[in-house]
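Chains A and B, in that order, are what the protein sequence lines are.
Start counting the first sequence at 1; every next residue gets the next number (the numbering used here).
Start counting the second sequence at 1001; every next residue gets the next number (the numbering used here).
Take the hints with a grain of salt, since some may be wrong.
Unchecked claim - Straight line, CA to CA, 25 Å or less: simulated BS3-like cross-link-like pairs of lysine-lysine: (1) K42(A) x K1014(B); (2) K1055(B) x K101(A); (3) K42(A) x K1020(B); (4) K1014(B) x K49(A); (5) K68(A) x K42(A); (6) K113(A) x K101(A); (7) K1020(B) x K1064(B); (8) K1014(B) x K1055(B); (9) K1020(B) x K113(A); (10) K1055(B) x K42(A); (11) K58(A) x K42(A); (12) K1014(B) x K101(A); (13) K1055(B) x K1020(B); (14) K42(A) x K1041(B); (15) K1041(B) x K49(A).
Please keep in mind that the hints were generated in silico from the structure rather than gathered at the bench.
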Amino acid sequence: AQSVTQLDSHVSVSEGTPVLLRCNYSSSYSPSLFWYVQHPNKGLQLLLKYTSAATLVKGINGFEAEFKKSETSFHLTKPSAHMSDAAEYFCVVSRNTGGFKTIFGAGTRLFVKA
Amino acid sequence: GAVVSQHPSRVICKSGTSVKIECRSLDFQATTMFWYRQFPKQSLMLMATSNEGSKATYEQGVEKDKFLINHASLTLSTLTVTSAHPEDSSFYICSARPGQGSPYEQYFGPGTRLTVT
């Protein structure tokens, strides 16, 4: 069985400070993990993905995430938040064994204060 | 990059009518397409998986007679909400998987906002 837990429903940071959005997963198979961002009333944009290559994954807009198998975590970070980063972020786990399946986390709303 | 479009982006319909939402892969062939539903301030919930030329597979709790899915070609899938009611108002998002490339790739459409009055 697969599941993904985003540990914070809301995160608030000041502009220019680091961002940490936490995600834990469980998977019976070697997972592929993704982070997507969704701005209000918009579709999903892929930030980055992990598919069993390098454990530190760099994405767009300065975001990166580290796959830690021992901690079953895939936290999203950014060194310095920008106002335009304010959005909803989804951690996603996918498998392609026994049929393709995608599970979305509940989402984390990121607020960025000026 | 691969692009998926949805049409319309917004639709308002009256209770009891049906509305069709189209999902198109613009520059690749999609062997599989997925339909998701998103309620305000909530995550995406998978409604159904459709493979070209075959019947859609619906997730538990999704009424297949109410949400008709057709995947008639490798670039087009449609979702028809039949006899719509206000509780069907939601944001509907499709995604498409290419027939080639990484097995984990899927590309999301921009979504369709359905409001039933």
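### Query
Is the Cα-Cα distance between K113(A) and K101(A) 25 Å or less?
violated, 36 Å
### Pairwise hint evaluation, K1041(B) against K42(A), where the allowed Cα distance is 25 Å at most
holds, 13 Å
### Message
What's the verdict on K1020(B) and K1064(B), does the C-alpha distance respect the 25 Å limit or exceed it?
### Response
holds, 14 Å
### Query
Within a Cα-Cα threshold of 25 Å, do K1014(B) and K49(A) meet the stated pairing?
Distance ~41 Å between K1014(B) and K49(A) Cα, so the pair is violated.
### Query
K1041(B) and K49(A): Cα distance at most 25 Å?
It holds: about 24 Å lies between the C-alpha atoms, which stays within 25 Å.
### Query
Can the restraint linking K1020(B) and K113(A) be considered satisfied, given a maximum Cα separation of 25 Å?
violated, 40 Å
### Task
Given the hint that K1055(B) pairs with K42(A), test it: the Cα-Cα distance must not exceed 25 Å.
Given that 25 Å is the threshold and the Cα spacing comes to 29 Å, the pair is violated.
### Task
Decide if the proposed pair is consistent with the structure: K1055(B) and K1020(B), CA atoms, cutoff 25 Å inclusive.
holds, 17 Å
### Message
Need the status of pair K1014(B), K1055(B): alpha-carbon distance at most 25 Å?
### Response
With Cα atoms ~28 Å apart, K1014(B) and K1055(B) exceed 25 Å; violated.
### Message
Next pair to validate is K42(A) with K1014(B); report whether the Cα-Cα distance is within 25 Å.
### Response
holds, 24 Å
### Task
Take the C-alpha atoms of K1014(B) and K101(A), compute the straight-line distance between them, and say whether it is at most 25 Å.
Given that 25 Å is the threshold and the Cα spacing comes to 34 Å, the pair is violated.
### Task
Starting from K68(A), check that the Cα of K42(A) is at most 25 Å away, please.
Not OK: K68(A) and K42(A) at ~30 Å, beyond 25 Å, violated.
Of the hints listed earlier, those the structure fails to meet are numbers 4, 5, 6, 8, 9, 10 and 12, in rising order.
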